[in-house]
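> As a plain string of letters, each chain reads:
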Amino acid sequence: MGQVQTLVVPGTTAGLAQAEQGLDEFSARHGLTRNDTWPFHVALDEILSNVVKYGWLEGDGEGRIEIRLRLEGEALEMEVLDDARPFNPLEAGGPDTGLPLEERPIGGLGVEIVRRLMDTIDYARQDDGHNRLTMRRRLGL
Amino acid sequence: MKIGEERRDGALIVAPSGRVDSVSSSELERALVGHLGAGESRVVVDLAQVEYISSAGLRVLLMTAKKLKDADGRLVLCAMPESVRLVFELAGFVPIFAIEPTREAALDRLGESGA
Chain Y
1 MGQVQTLVVP GTTAGLAQAE QGLDEFSARH GLTRNDTWPF HVALDEILSN VVKYGWLEGD
61 GEGRIEIRLR LEGEALEMEV LDDARPFNPL EAGGPDTGLP LEERPIGGLG VEIVRRLMDT
121 IDYARQDDGH NRLTMRRRLG L
Chain A
142 MKIGEERRDG ALIVAPSGRV DSVSSSELER ALVGHLGAGE SRVVVDLAQV EYISSAGLRV
202 LLMTAKKLKD ADGRLVLCAM PESVRLVFEL AGFVPIFAIE PTREAALDRL GESGA
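As they're listed, the protein sequences go chains Y and A. For what it's worth, our numbering labels the leading residue of the first sequence as 1, then goes sequentially. For what it's worth, our numbering labels the leading residue of the second sequence as 142, then goes sequentially.
Note that these hints are calculated values from the structure, not bench results. Just so it is clear, the structure is predicted and the values come from calculations on it, not from any experiment. Errors might be hidden in some of the hints.
[To be verified] Here are the simulated DSSO-like pairs of lysine-lysine, each with C-alpha atoms no more than 30 angstroms apart in a straight line:
#, chain 1, residue 1, chain 2, residue 2
1, Y, 53, A, 208
2, A, 210, A, 143
3, A, 207, Y, 53
4, A, 143, Y, 53
5, A, 143, A, 207
6, A, 143, A, 208
[As the list claims (entries may be wrong)] Simulated restraints, written as ranges between beta carbons of each label pair:
#, chain 1, residue 1, chain 2, residue 2, range
7, Y, 29, A, 189, 25 to 31 angstroms
8, Y, 6, A, 147, 42 to 48 angstroms
9, Y, 74, A, 150, 43 to 49 angstroms
10, A, 167, Y, 68, 27 to 33 angstroms
11, A, 223, Y, 134, 21 to 27 angstroms
12, Y, 74, A, 159, 25 to 31 angstroms
13, Y, 21, A, 223, 20 to 26 angstroms
14, Y, 25, A, 167, 22 to 28 angstroms
Every residue gets a Cβ at the ideal spot worked out from N, C-alpha and C, and that includes glycine.
Can you make the complete structure from the sequences, with help from the hints?
Okay, structure coming up:
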């Protein structure tokens, strides 16, 4: 089992930019190519945009997002944990109302892209008050 | 994000480079909205230097295509790298846009009557 690298960023748009940079640094450290990592950059952009937009309400204070990266053989696993209220980023933008993709709310379109880019993606609510989204994709496809 | 701009055959070619995502897409939007506001109606967006695009970037391009169409203009996208092409496909956006492999083909398409 590969080593886990953890990044912690605030639940804000500035935190999203920091997370992308953290993924760049992880990638450089492990000799990953852009072809390997771009799907994870897109996933971070889509997921964190939704978490930042919908996760915390007025008065919740600044949230905290943890990103865990683990190389496992030919695949990269990325977990996004946040301390927001129970909230599944995969459901952002509301239920599928049968709208064509291009007319879906921003959150919904981004989620569709991530679902299709990743080999697997799963949401869980942890007992310690965190949402956890776990996604995985083989590298270099 | 660097945005290259060039005029050819009466068309405007806009060439963003780097990542077109929630962090940078507003820059691209500002540039395109500025040009449309100045009356540009024949626009090519050359994506050759784009590392990847997220839904934020797709939204900007969709908005641009619609605004141009409303003004009897046209948007053609060209030179998509694999990463960009894949996101367009996964988002179901390929049928919505005019997409060409090269700048030349894009300019030709803009030049077609009734295009």
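> Does each hint hold? Answer for all of them.
Structure-based check of all given hints:
For the hint pairing residue 53 of chain Y with residue 208 of chain A, the CA-to-CA distance comes to about 27 angstroms; that is within 30 angstroms, so the pair holds. With a CA separation close to 26 angstroms, the supplied pair residue 210 of chain A and residue 143 of chain A stays within the 30 angstroms bound. At roughly 26 angstroms between alpha-carbon atoms, residue 207 of chain A and residue 53 of chain Y fall within 30 angstroms of each other, so this suggested pair holds. For the hint pairing residue 143 of chain A with residue 53 of chain Y, the CA-to-CA distance comes to about 27 angstroms; that is within 30 angstroms, so the pair holds.
Only pairs whose Cα atoms come within 30 angstroms are accepted, and residue 143 of chain A paired with residue 207 of chain A is accepted, the gap being roughly 24 angstroms. Simply put, residue 143 of chain A and residue 208 of chain A have alpha-carbon atoms about 23 angstroms apart, close enough for the 30 angstroms limit, and the pair holds. Between residue 29 of chain Y and residue 189 of chain A the CB atoms are about 29 angstroms apart, so this pair conforms to the stated range of 25 to 31 angstroms. Range check, residue 6 of chain Y to residue 147 of chain A: about 44 angstroms between beta-carbon atoms, so the 42 to 48 angstroms window is met.
Take residue 74 of chain Y and residue 150 of chain A: their Cβ atoms lie about 46 angstroms apart, and the range 43 to 49 angstroms holds. Remark: the range hint 27 to 33 angstroms for residue 167 of chain A to residue 68 of chain Y is upheld by a beta-carbon distance near 29 angstroms. Under the hint 21 to 27 angstroms, the C-beta atoms of residue 223 of chain A and residue 134 of chain Y, about 26 angstroms apart, fit the expected range. A C-beta distance of roughly 28 angstroms is found between residue 74 of chain Y and residue 159 of chain A, which places it inside the suggested range of 25 to 31 angstroms.
Judged by the Cβ atoms, the range 20 to 26 angstroms given for residue 21 of chain Y and residue 223 of chain A holds: they are separated by roughly 24 angstroms. A hinted range of 22 to 28 angstroms holds for the C-beta pair residue 25 of chain Y and residue 167 of chain A, which are about 25 angstroms apart.
The structure agrees with every numbered hint stated previously.
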